[in-house]
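Take these sequences, add in the hints, and give me the full structure.
Chains F and Z, in that order, are what the protein sequence lines are. Counting in my numbering, the first sequence runs from 15 upward without gaps. Counting in my numbering, the second sequence runs from 2 upward without gaps.
Simulated from the structure, these hints should not be mistaken for laboratory data. These figures come from a predicted structure and were not determined experimentally. Virtual Cβ for every residue (Gly too), placed ideally from N, Cα, C. A couple of the hints might just be wrong.
As a list, the in silico DSS-like pairs of lysine-lysine whose alpha-carbon atoms are at most 27 angstroms apart [unchecked claim]: (1) Z:Lys325 x F:Lys269; (2) Z:Lys264 x F:Lys244; (3) Z:Lys11 x F:Lys173.
Sample of chain F residues with no beta-carbon within 12 angstroms of chain Z, all distances over it, derived [what the hints assert, rightly or not]: (4) Thr43; (5) Arg82; (6) Asn167; (7) Lys207; (8) Glu216; (9) Lys218; (10) Lys222.
Covered stretches of chain Z (chain F as the covering partner; in silico rule of three or more C-beta atoms under 8 angstroms from a C-beta of chain F) [to be verified]: (11) 99-112; (12) 181-190; (13) 315-325.
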Amino acid sequence: MKIGVLIKQVPGGDSPLRVSSDHSWIDETSVNFETNESDSYALEEGLQLREKKGEGEVVVISMGPDGRTQKIIKEALSKGANRCIHIVEDNARETDPLQTAIIFAKALKNERFDLILSGLQSLDLGMGQTGVILGELLGMSIATLVMATELTNESIRVKRELESGWFQWVTLPLPACLSIQSGLNQPRYPSLKGIMGAKKKEIKPLSKSELFDGNEHQSITRVYSIQKAKQTEMISGDVNQQISRLVDVMKTEIKVL
Amino acid sequence: MDILIVLENKSGSIHRMSLEALAAGQKLASELNLSLSILAMGKNGGDLANDVSNFKADEILLLENPILDNYSSDGYSFAFTSILGQEKPKYLFMGHTYMVRDFLPRVSAKLQIPFISDVIQFNVDNDAPVFTKQVFNAKLAADIVSNSHGTTLVSFQSAAYQSDQVESGSAEIRTISIDMDASVIKTQSEEPFKEEAGGIDLTNAEIIVSIGRGIGKEENLSIVNTLVDALGAELGSSRPIVDSGWLEPSRQIGSSGQNVAPKMYLALGISGAIQHVVGMKGSKNIVAVNKDPEAPIFEIADYGIVGDILEIIPKLSEAIQAAKN
Ligand SMILES: Cc1cc2nc3c(=O)[nH]c(=O)nc-3n(C[C@H](O)[C@H](O)[C@H](O)COP(=O)(O)OP(=O)(O)OC[C@H]3O[C@@H](n4cnc5c(N)ncnc54)[C@H](O)[C@@H]3O)c2cc1C
Ligand SMILES: Nc1ncnc2c1ncn2[C@@H]1O[C@H](COP(=O)(O)O)[C@@H](O)[C@H]1O
Chain F
15 MKIGVLIKQV PGGDSPLRVS SDHSWIDETS VNFETNESDS YALEEGLQLR
65 EKKGEGEVVV ISMGPDGRTQ KIIKEALSKG ANRCIHIVED NARETDPLQT
115 AIIFAKALKN ERFDLILSGL QSLDLGMGQT GVILGELLGM SIATLVMATE
165 LTNESIRVKR ELESGWFQWV TLPLPACLSI QSGLNQPRYP SLKGIMGAKK
215 KEIKPLSKSE LFDGNEHQSI TRVYSIQKAK QTEMISGDVN QQISRLVDVM
265 KTEIKVL
Chain Z
2 MDILIVLENK SGSIHRMSLE ALAAGQKLAS ELNLSLSILA MGKNGGDLAN
52 DVSNFKADEI LLLENPILDN YSSDGYSFAF TSILGQEKPK YLFMGHTYMV
102 RDFLPRVSAK LQIPFISDVI QFNVDNDAPV FTKQVFNAKL AADIVSNSHG
152 TTLVSFQSAA YQSDQVESGS AEIRTISIDM DASVIKTQSE EPFKEEAGGI
202 DLTNAEIIVS IGRGIGKEEN LSIVNTLVDA LGAELGSSRP IVDSGWLEPS
252 RQIGSSGQNV APKMYLALGI SGAIQHVVGM KGSKNIVAVN KDPEAPIFEI
302 ADYGIVGDIL EIIPKLSEAI QAAKN
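Right under this line is the structure:
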């Protein structure tokens, strides 16, 4: 069983986000990058599927600049991924999920994965497309918003999240490409043994510029802060002042006390 | 054909977000003087077509094919690829629904055309639309243009445009067909179901104290419970708290949880992602506490406090208790 997992590096929740001076992206200098949330769940699901099957390998794939990509790759290898493919790029500003998926498709064509898992959506771009497009380009069967998996020999049965609290089981022939919704498992932490073992694992670098066909199907022209629509009363002062005003609001304006 | 709006068929009726996409389409059509067509398909598609025949459009297309009566990603991605090939619209507009997330990226791949997803608005610049979407978890916005020579696929975020702004008019129905064989469907779908009922119903709560990832650790939930008791409130949460297994799923508020509209919604350490906001934006009074002054939750809050919830929650519980005595 050969499982590929796409993991993307995105700014961590507590990172400051400042628009770059030319408004083309964010200023990444003091940003702390982490593994995209749903991608962590995808990796965990890949590891568990391999463990249940008792054989096979989990290959993580990430495209991004050196430092930050190496960081999340090492974490994935420490958690138990077998090896990694790093598509190295200098300019980290990806804006076109179709182009990104085309690059992945070229890089992964000869791997012949039985399963590819991606996150549902990246925190930075939030397109919700890259994994799905990749599955289509590689001719795999596809399911999105996956909340549970059951593997048999030739197929995989998955529980999909639908709108407003509905779910549906779908059975897909292998090879299959799944986009994983957060919450379907509890991602593990790297063990000390895992961290030591990771040092010996293969990281295969590929160059993005050799895979890029030069076509950007959609382009970001400007990044900026969103204007506030609603009149919000921001309660200022020190903590005690804030609290006494808030209690006052609850009493006299909202009238819940 | 310039703009094509496809109606999402929700067991025989039109998905609310399809009408929002129609409002967006009508706006683009009038600003750029473009033609607009509406497509109805799926089970009882004829009813959907009739339902929109009083809206302003150049024509209504009806596609009836039993293979499309039940939604499947394989069937829909195949059908849309054929339809776009035949009709060649410049823009396809739909709502950014679970169904659209599921199959439309595949159409983008098959036809090698861009899909600009989860758009909140567009503006016309140099005779072409510039689409805006939220990026970085709704903290920033990005303007996006299409470089497509064929169709550009666009999906709109819930409530980006208003369905009550749809203009009325009239349009004729034209029946279309595509060549399609049931063998395109490789997957096997079972009946949709809801998880066992039970759990907590938050829909009638007067006061909801809702907790997000800002709480940091499971152990910290105890301070929230004290506040919940002091206010006589119900406890709600954002998705990551449920994903982590700290609270039961019925406490989750948002697009995959409950929809609530209490008198007061106290959002503590919640960033304000759209999937959360759609479940609580109808609340009469929204109070948000977040340490990040730029958290998107402040955009919809009536009252906001920038501060550390771990410090504020215990103090607030005390002050409320004192105020009640
Ligand atoms: C298809 C789909 C469906 C989804 N359905 C739902 C849903 O139903 N409900 C839902 O909630 N989400 C849903 N999500 C997830 C959603 O996109 C967000 O990821 C989620 O709402 C974020 O939760 P959060 O605000 O608690 O966490 P975060 O986004 O991580 O925000 C945490 C916030 O806490 C603040 N903070 C941190 N520490 C402190 C402190 N000490 N004091 C004060 N503030 C602090 C931070 O500044 C930050 O703003 C869905 C996503 C998808 C793609
Ligand atoms: N540069 C990247 N490297 C690795 N995986 C990626 C990258 N971009 C997107 N993905 C994967 O595709 C998913 C969806 O991304 P998006 O289409 O940007 O929302 C992510 O959750 C990742 O699993």
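So, going through the hints one by one against the coordinates:
1. Z:Lys325 x F:Lys269: Given that 27 angstroms is the threshold and the Cα spacing comes to 12 angstroms, the pair holds.
2. Z:Lys264 x F:Lys244: Status holds; Cα separation ~18 angstroms.
3. Z:Lys11 x F:Lys173: Since the Cα atoms of Lys11 (chain Z) and Lys173 (chain F) sit roughly 20 angstroms apart, the hinted pair holds (cutoff 27 angstroms).
4. Thr43: holds (15 angstroms)
5. Arg82: holds (15 angstroms)
6. Asn167: holds (16 angstroms)
7. Lys207: holds (25 angstroms)
8. Glu216: Per Cβ check, Glu216 (chain F) is outside 12 angstroms of chain Z; nearest 29 angstroms; holds.
9. Lys218: holds (25 angstroms)
10. Lys222: holds (19 angstroms)
11. 99-112: holds (count 9)
12. 181-190: holds (count 4)
13. 315-325: The restraint on the region 315-325 of chain Z holds, since 6 of its residues have a Cβ under 8 angstroms from chain F and three suffice.
In this structure, none of the earlier numbered hints is contradicted; all agree with it.
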